[in-house]
Amino acid sequence: MVVSAVGFALAAFVITTGIAAALLRDSLSAIIVFAAYSLGMALFYTLLLAPDVGLTEAAIGAGVTTILLLLTIAKTTRPRREELFERIHWPAAVVCAGLAAVMVAFTVTQIPVANFAGDPTPVTGEAGTFGERVTGHYLAETYADTGVQNAVTAVLAAYRGFDTFGEAVVVFAAGVALLVVLRREEFA
Amino acid sequence: MSELELGLRTGAILVLLAGGVFFTFVSAVGVIRLPDVYARAHTASQTDTLGAGLVVGAVVLTYGFETEVIKAVLLLVFIFITNPTAAHAAARAAYVEGIEPWTEGEERR
Amino acid sequence: MLVPVGESVTLRQTVGYAVGVAEETDASAIHFVVPVAWHSAGDVEPAVRREVETLLDRVQVWAREDASGTTPAVETAIIGEEQYMFSPDDYAGVLADYADAHGVERIVVDPEYSPGGNVPLLRAMEVSLVERGYTVEEAPVETPVRRSRLTRPGGAVQFGLLFAVSFLFYQLLGGFAIVTGDTFDLFYELVTGTIAAGIVAGSLHRVTMSERPRLRRLGVQLVRLSLYVPYLLYEIVKSNILITFIILHPRLPIEPRLTRVRVAVWGGSPLTTLANSITLTPGTLTVRADGQYLYVHALFPSAREGLFAGTLERAVRFVYYGRAAAAVATPEERGDTELLQRPEEDADAGASVRSGEGSSEETRREGERSEEARTEDERSEEARTRDDRSDDDRTPPGDGGGA
Amino acid sequence: MLTTAFLATAAALVVLAIAVLYRAVKGPTMQDRVIAVNVLGTNTVVILALLAVALDSESFLDIALVYALLNFLMAIAISKFTVKRGDVI
Numbered sequence: 342m343v344v345s346a347v348g349f350a351l352a353a354f355v356i357t358t359g360i361a362a363a364l365l366r367d368s369l370s371a372i373i374v375f376a377a378y379s380l381g382m383a384l385f386y387t388l389l390l391a392p393d394v395g396l397t398e399a400a401i402g403a404g405v406t407t408i409l410l411l412l413t414i415a416k417t418t419r420p421r422r423e424e425l426f427e428r429i430h431w432p433a434a435v436v437c438a439g440l441a442a443v444m445v446a447f448t449v450t451q452i453p454v455a456n457f458a459g460d461p462t463p464v465t466g467e468a469g470t471f472g473e474r475v476t477g478h479y480l481a482e483t484y485a486d487t488g489v490q491n492a493v494t495a496v497l498a499a500y501r502g503f504d505t506f507g508e509a510v511v512v513f514a515a516g517v518a519l520l521v522v523l524r525r526e527e528f529a
Numbered sequence: 005m006s007e008l009e010l011g012l013r014t015g016a017i018l019v020l021l022a023g024g025v026f027f028t029f030v031s032a033v034g035v036i037r038l039p040d041v042y043a044r045a046h047t048a049s050q051t052d053t054l055g056a057g058l059v060v061g062a063v064v065l066t067y068g069f070e071t072e073v074i075k076a077v078l079l080l081v082f083i084f085i086t087n088p089t090a091a092h093a094a095a096r097a098a099y100v101e102g103i104e105p106w107t108e109g110e111e112r113r
Numbered sequence: 047m048l049v050p051v052g053e054s055v056t057l058r059q060t061v062g063y064a065v066g067v068a069e070e071t072d073a074s075a076i077h078f079v080v081p082v083a084w085h086s087a088g089d090v091e092p093a094v095r096r097e098v099e100t101l102l103d104r105v106q107v108w109a110r111e112d113a114s115g116t117t118p119a120v121e122t123a124i125i126g127e128e129q130y131m132f133s134p135d136d137y138a139g140v141l142a143d144y145a146d147a148h149g150v151e152r153i154v155v156d157p158e159y160s161p162g163g164n165v166p167l168l169r170a171m172e173v174s175l176v177e178r179g180y181t182v183e184e185a186p187v188e189t190p191v192r193r194s195r196l197t198r199p200g201g202a203v204q205f206g207l208l209f210a211v212s213f214l215f216y217q218l219l220g221g222f223a224i225v226t227g228d229t230f231d232l233f234y235e236l237v238t239g240t241i242a243a244g245i246v247a248g249s250l251h252r253v254t255m256s257e258r259p260r261l262r263r264l265g266v267q268l269v270r271l272s273l274y275v276p277y278l279l280y281e282i283v284k285s286n287i288l289i290t291f292i293i294l295h296p297r298l299p300i301e302p303r304l305t306r307v308r309v310a311v312w313g314g315s316p317l318t319t320l321a322n323s324i325t326l327t328p329g330t331l332t333v334r335a336d337g338q339y340l341y342v343h344a345l346f347p348s349a350r351e352g353l354f355a356g357t358l359e360r361a362v363r364f365v366y367y368g369r370a371a372a373a374v375a376t377p378e379e380r381g382d383t384e385l386l387q388r389p390e391e392d393a394d395a396g397a398s399v400r401s402g403e404g405s406s407e408e409t410r411r412e413g414e415r416s417e418e419a420r421t422e423d424e425r426s427e428e429a430r431t432r433d434d435r436s437d438d439d440r441t442p443p444g445d446g447g448g449a
Numbered sequence: 030m031l032t033t034a035f036l037a038t039a040a041a042l043v044v045l046a047i048a049v050l051y052r053a054v055k056g057p058t059m060q061d062r063v064i065a066v067n068v069l070g071t072n073t074v075v076i077l078a079l080l081a082v083a084l085d086s087e088s089f090l091d092i093a094l095v096y097a098l099l100n101f102l103m104a105i106a107i108s109k110f111t112v113k114r115g116d117v118i
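Protein chains in written order, with the working numbering: chain A, 342 to 529; chain B, 5 to 113; chain C, 47 to 449; chain D, 30 to 118.
These are calculated hints, taken from the structure and not from any lab test. Note that beta-carbon positions come from the ideal geometry of N, C-alpha and C, so glycine has one too. Please note that a few of the clues may not be correct.
Unchecked claim - Listing some non-contacts, in silico: residues in chain B with all C-beta distances to chain C over 12 Å:
1) S6
2) A32
3) G68
Said to hold, decoys possible - Computed spacing ranges between beta-carbons, pair by pair:
4) C:G368 with A:S368: 50 to 58 Å
5) A:H430 with C:G66: 30 to 38 Å
6) A:G502 with C:G337: 52 to 60 Å
7) A:T505 with C:T181: 29 to 37 Å
8) A:G507 with C:R252: 45 to 53 Å
9) D:D85 with C:V269: 35 to 43 Å
10) C:V55 with A:V449: 50 to 58 Å
11) B:G11 with A:L389: 46 to 54 Å
12) A:G502 with D:S86: 16 to 24 Å
13) A:T413 with C:A210: 23 to 31 Å
14) D:D85 with A:T450: 26 to 34 Å
15) C:I124 with A:I356: 56 to 64 Å
16) A:I356 with D:S86: 23 to 31 Å
Pulled out of the complex, with its shape left as it was, chain A reads as follows:
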């Protein structure tokens, strides 16, 4: 029960930071608030028992992204500050909100379990929808299959191991390319 309180407070935090980051006019302010958003997201992942995703969010979202964005605006110019927030195009905003609401209505209602609401996670895997069976299967069989205790880690690093490896290669290549570009831009 109290877990859900933490969850809802976090959700409020994440949504507020998200909106603020989108609406702030000054890009440096937006970057800083976006870092706060990453803090909230990492906590969220951790609360939903996906610590490795939380760790990635912490390292990438708050650390690397902030510095990359800072470097980006260092290479560009900063507009004069006269307003605090971006002007909202209301018709577009309404359309976007409507679309988002439809998406949420379709997807969120299909989510079988809300972990932080305190509902038990189905482990049996027999009854229920397809999604529940898949979740149940992984929760039940992961340890026997892979010897990894955390189901999320197992999916990420064992079942989808090659996938993750490929991702790591992509990220590494991007990092190397970035270094090359940055060094090339260094003068004086």
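Here the structure of chain A is known, so what remains is to put chains B, C and D in place on it, guided by the hints.
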């Protein structure tokens, strides 16, 4: 561990948690209420550090003598070293940028 | 159009931009001027003068290169030689005088230009120029990334120490499976730990330590540090209660002042320890460290007095230099304290520290030295031209101190 | 009982974090935002430590450790950036 010891430890943990929340609350009030960057940096570095320290202290106390306690202690050390340094960096940046410290009688910023 | 110039990496781009703007706006002339910041009236050193003249020649050549026709005329000048320039206002005044004499309204500034050498006066100078009614514009230049060398010659001790710390940290994150686990764990943790610590120490041992560590002294200092930490914790808790009272007080009774203390510790880690301790004890915040000078922002008078009494300084001296060194006169007794923001006697003068002044040790010394060198009537001369707040800043150390 | 206390503390800290967010959005200077986000980061680290105990998973402490260091790095990087534009690392 005896009944009494357990009770004492639980009590101590609760006191630490309450103290931590209280000081974090004070730091939040300070960050919102104080008039300028420098004054805000004060609470950000000090009151917040104490609040965090007390809560992590409660965590340390809960773990007792397990190996995890070392990590918690290390966390405490990090917070105590990095927090004032970060506040100093922000204040120094403000000073170098030429932001004048607020003195009483001026309007709040 | 007026362009104040000085040696900077973006000077070339600024010149190009200024010429472009001058052609667009049909300005009759561009004036490139160098404000020369030598306080001794009139006698700029020949070497400096030659340097400035070469710079102006270069600027002139560049401007000709960029101009499409013969207009606008390019003029150069060295200004401010006869005047004492110290604060951003002084620079702005000199520029304003020149601009008025030549009927210039528009001023283009190189964002990397720094009037006072290493002191960041530019922003404040621009503000002051805008206040005087000129159009001030920063040239849109690309700032090159500056880099300084981080590496130093390393050594076996550095490597060993860093290796040990990294290895310990690795084992710690692994939950000390090396001790608690079975033989396989022991072997596994040993190998992976050695590799990881080896990589860290190999790549960073030239960077992490500023000087060669002496192991025995390091050990002694660690022991004394373990005595210092509880004392610091006690201080933190004690003064946090006070600051809590102040923050939650409805009227918010704070009297923040920026102060400067010349502390009796030196070197990297002692100074860092002291500065961080000052920041951790509520009511005081280290804003800037400049050699032995710490710029401390104190939130209320009692915090300021505590700082000037130097208890933390003594404790840090004990940690790093031993018990004998702990007995030292307080900063207040030494006369090493100074209030940078309006002393109590003229509390209604509306004064405050300006960005440039006192922000660098060099200018401060420069200012003091010339202060002594100059004669009495020069001083009164200056008192007429400069506003009263700058005089507060140049109060000799100790004078405005513990008031 | 203690678990509830830890979670309640975490919830309270998140609520306080939302309050501090006001300063991160409002500013007015960049340094104000840096300070606010640093406070948020410290709160996050503490919440992670609390979750580690409450949900009984010690690995969260590792995340908290990483986060404590990253938070520091972030504050330094932004501060340095605002002083010398273009000089981040």
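Each hint, compared with the structure:
1. S6: 27 Å, holds
2. A32: Non-interface label on B:A32 violated, nearest chain C Cβ at 10 Å vs cutoff 12 Å.
3. G68: 15 Å, holds
4. C:G368 with A:S368: 50 to 58 Å: Since the Cβ atoms of C:G368 and A:S368 sit about 51 Å apart, the hinted range of 50 to 58 Å holds.
5. A:H430 with C:G66: 30 to 38 Å: Distance hint for A:H430, C:G66 holds at roughly 35 Å.
6. A:G502 with C:G337: 52 to 60 Å: 55 Å, holds
7. A:T505 with C:T181: 29 to 37 Å: With a Cβ separation near 57 Å, A:T505 and C:T181 fall outside 29 to 37 Å, so the hint is violated.
8. A:G507 with C:R252: 45 to 53 Å: 35 Å, violated
9. D:D85 with C:V269: 35 to 43 Å: 36 Å, holds
10. C:V55 with A:V449: 50 to 58 Å: 54 Å, holds
11. B:G11 with A:L389: 46 to 54 Å: 34 Å, violated
12. A:G502 with D:S86: 16 to 24 Å: 22 Å, holds
13. A:T413 with C:A210: 23 to 31 Å: With a Cβ separation near 39 Å, A:T413 and C:A210 fall outside 23 to 31 Å, so the hint is violated.
14. D:D85 with A:T450: 26 to 34 Å: 31 Å, holds
15. C:I124 with A:I356: 56 to 64 Å: 59 Å, holds
16. A:I356 with D:S86: 23 to 31 Å: 26 Å, holds
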